[in-house]
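Just so you know, the sequences run in chain order A and B.
When you line the first sequence up against the working numbering, it's residues 1 to 196, in that order.
When you line the second sequence up against the working numbering, it's residues 1 to 167, in that order.
Everything labelled a hint here was simulated from the structure, so no lab data went into it.
Careful: at least some of the hints might be erroneous.
The calculated lysine-lysine pairs, modelled on PhoX-like cross-linking and capped at a C-alpha distance of 25 Å, are [as the list claims (entries may be wrong)]: (1) LYS39(A) <-> LYS81(B); (2) LYS39(A) <-> LYS156(B); (3) LYS39(A) <-> LYS81(A); (4) LYS20(A) <-> LYS97(B); (5) LYS164(B) <-> LYS167(A); (6) LYS39(A) <-> LYS86(B); (7) LYS81(B) <-> LYS164(B); (8) LYS39(A) <-> LYS135(B); (9) LYS81(B) <-> LYS112(B); (10) LYS81(A) <-> LYS120(A).
Okay, the calculated beta carbon distance ranges per label pair [to be verified]: (11) ASN160(B) <-> SER131(A): 49 to 57 Å; (12) ALA161(B) <-> GLN174(A): 26 to 34 Å; (13) GLU142(A) <-> ASN117(B): 39 to 47 Å; (14) ALA146(B) <-> LEU177(A): 20 to 28 Å; (15) PRO58(A) <-> ARG155(B): 35 to 43 Å; (16) ASN105(B) <-> ILE77(A): 19 to 27 Å; (17) ASN160(B) <-> LEU28(A): 38 to 46 Å; (18) GLN174(A) <-> ASN105(B): 49 to 57 Å; (19) ARG155(B) <-> LEU177(A): 34 to 42 Å; (20) TYR138(A) <-> SER59(B): 55 to 63 Å; (21) TRP29(A) <-> ARG155(B): 25 to 33 Å.
Sample of chain A residues facing chain B (criterion: CB under 8 Å; computed from the structure) [to be verified]: (22) LEU5; (23) ASP104; (24) PRO172.
No residue lacks a Cβ here, since even glycine has one placed at the ideal position from N, Cα and C.
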Amino acid sequence: MDEDLEIKFLHLAWHFDLRKESPNKKYLWLDIPLDNLNKIHLATVCASIFRSSQDRSPIPYGICIDGTSFSKDGNFISHEKHGGLTCATFVIQVFHSQDYPIIDFENWEYREEDRNWQIKILSILKGHIDSDYLNAQYKKCEESIFRFKPEEVAAAETLPSPPHGLKALEKPAQQILDSIIEHTEKMAINEANVAR
Amino acid sequence: MISQSVDFQPTPYIPACYSQTVEGKPSDYFINNSKSVSCAELSFSNHIGANSTKVREPSKGFNELIGKAPWVVEFLQSASKLNDVKSLLPFYMEINKLISHGELNLCNEFLKQVRVNDLSDVLLVGLLRLTSSHKNELPYWTRLLASAKTELSNRKHDSNAILKGLL
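For reference, chain A alone in the conformation it holds in the complex:
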């Protein structure tokens, strides 16, 4: 719930494109097993991050989480040049900035398939960012950097007793992904029926 007391969701949609939007039927919701006090605190932090991103600190899109963070005043910080966040690492850093870690980085792994996704997303990013920034992202790809999939981060938020390593998240993340696919198919069928 935001400062207008409306239910909103905050997400990093793309390069310098942090959005606070109203949910609709296309989305599935997971309830985070957090007490109400911390939920309200985090919602206020999210509102603060959104304001900062609008005012002075837009958040770049980047494939490597290393060297990125949020300051307590909601400003995005990159400790290295060309740092940025994905939609998933944005969520990780929001939680971690408030000393509520959800991902156990020590127990994460690089997967060969990660690079395929990283190269694919960078090809889409091309044209939206300057060449220096893009080249820096490609260089990071060569360093076998971790990928954090959205469903893994969603599972990490949802499971009790965080932070979680990759192994603990594989099965619940797959369940979340299956639910999303099922929901998407239902939505497509509904839309097709409406169009007839």
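Mind docking chain B on chain A? Use the hints.
Frame of chain A, contents of chain B only:
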């Protein structure tokens, strides 16, 4: 999703002495510089509607705090009622400004002035999380953590779960 409000009714405490009244918006407050001043008083209405008074020890630090950060007056007056994003956000932004501007002494003085029994449930954990990255430079952070833990337990919350990551 957040669907429930969080309610808490603090017990007002009786002032020991008075010297000046600070009411209304931050811009309305005034400081009495008389030598006879022995205490600073904040008048407020708590969220159950009862008027009460808080007494602050006169100190250079406190005067400097409300001089440089007048929003603190309003914060101290309304802290027990700040339980949703709308009411918390302006103060979160102000507290964050203190930190981002490197005003750690002022931030420490702010934490010193906070009384846990005057804080809303959310602020008991929120203030600590907002300032935790500089806890080593804020001597009163640790004291606030200890008193917030006790206060949360007194209010029948699971303090260990709520303060996870901070303890």
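Quick rundown of the hints versus the structure:
1. The straight-line distance between the Cα atoms of LYS39(A) and LYS81(B) is roughly 17 Å, inside the 25 Å bound, and the hint therefore holds.
2. Between LYS39(A) and LYS156(B) the alpha-carbon distance is near 18 Å, which keeps this suggested pair within the 25 Å criterion.
3. Between LYS39(A) and LYS81(A) the alpha-carbon distance is near 32 Å, which puts this suggested pair outside the 25 Å criterion.
4. With a C-alpha separation of about 22 Å, the suggested pairing of LYS20(A) with LYS97(B) holds against the 25 Å cut-off.
5. Straight-line distance between C-alpha atoms of LYS164(B) and LYS167(A) comes to about 23 Å, which keeps the hinted pair within the 25 Å bound.
6. Of the supplied pair hints, the one linking LYS39(A) and LYS86(B) holds, its CA atoms being roughly 14 Å apart against a limit of 25 Å.
7. The suggested pairing of LYS81(B) with LYS164(B) holds, with an alpha-carbon distance near 23 Å, which does not exceed 25 Å.
8. Between LYS39(A) and LYS135(B) the CA atoms are separated by roughly 22 Å; this keeps the pair inside 25 Å, and the hint holds.
9. The suggested pairing of LYS81(B) with LYS112(B) holds, with an alpha-carbon distance near 20 Å, which does not exceed 25 Å.
10. For the hint pairing LYS81(A) with LYS120(A), the CA-to-CA distance comes to about 22 Å; that is within 25 Å, so the pair holds.
11. Judged by the Cβ atoms, the range 49 to 57 Å given for ASN160(B) and SER131(A) holds: they are separated by roughly 50 Å.
12. The hinted range of 26 to 34 Å is satisfied by ALA161(B) and GLN174(A), whose Cβ atoms lie roughly 28 Å apart.
13. Checked against the hint of 39 to 47 Å, the C-beta distance between GLU142(A) and ASN117(B) comes to roughly 56 Å, which is inconsistent with it.
14. For the pair ALA146(B) and LEU177(A), the beta carbons lie near 43 Å from each other, so the given range of 20 to 28 Å is not met.
15. The given range of 35 to 43 Å is respected by PRO58(A) and ARG155(B), whose C-beta atoms sit roughly 40 Å from each other.
16. Here the CB-CB span from ASN105(B) to ILE77(A) is close to 23 Å, well matched to the stated 19 to 27 Å.
17. In this structure, ASN160(B) and LEU28(A) break the distance hint of 38 to 46 Å, their C-beta atoms being roughly 31 Å apart.
18. Roughly 51 Å separates the CB atoms of GLN174(A) and ASN105(B), a value that falls within the hinted 49 to 57 Å.
19. Evaluation of the 34 to 42 Å hint for ARG155(B) and LEU177(A) yields a pass: the beta carbon distance comes to about 40 Å.
20. With their beta carbons about 57 Å apart, TYR138(A) and SER59(B) fall inside the hinted range of 55 to 63 Å.
21. For the hinted restraint 25 to 33 Å between TRP29(A) and ARG155(B), the CB-CB distance of approximately 29 Å keeps it satisfied.
22. Nearest Cβ of chain B to the Cβ of LEU5(A): about 6 Å, under the 8 Å cut. The hint holds.
23. With a cut of 8 Å, the hint placing ASP104(A) at the interface with chain B is violated, because the nearest CB-to-CB distance is about 13 Å.
24. The beta carbon of PRO172(A) comes no nearer than 19 Å to any beta carbon in chain B, farther than 8 Å, and the hint placing it at the interface is violated.
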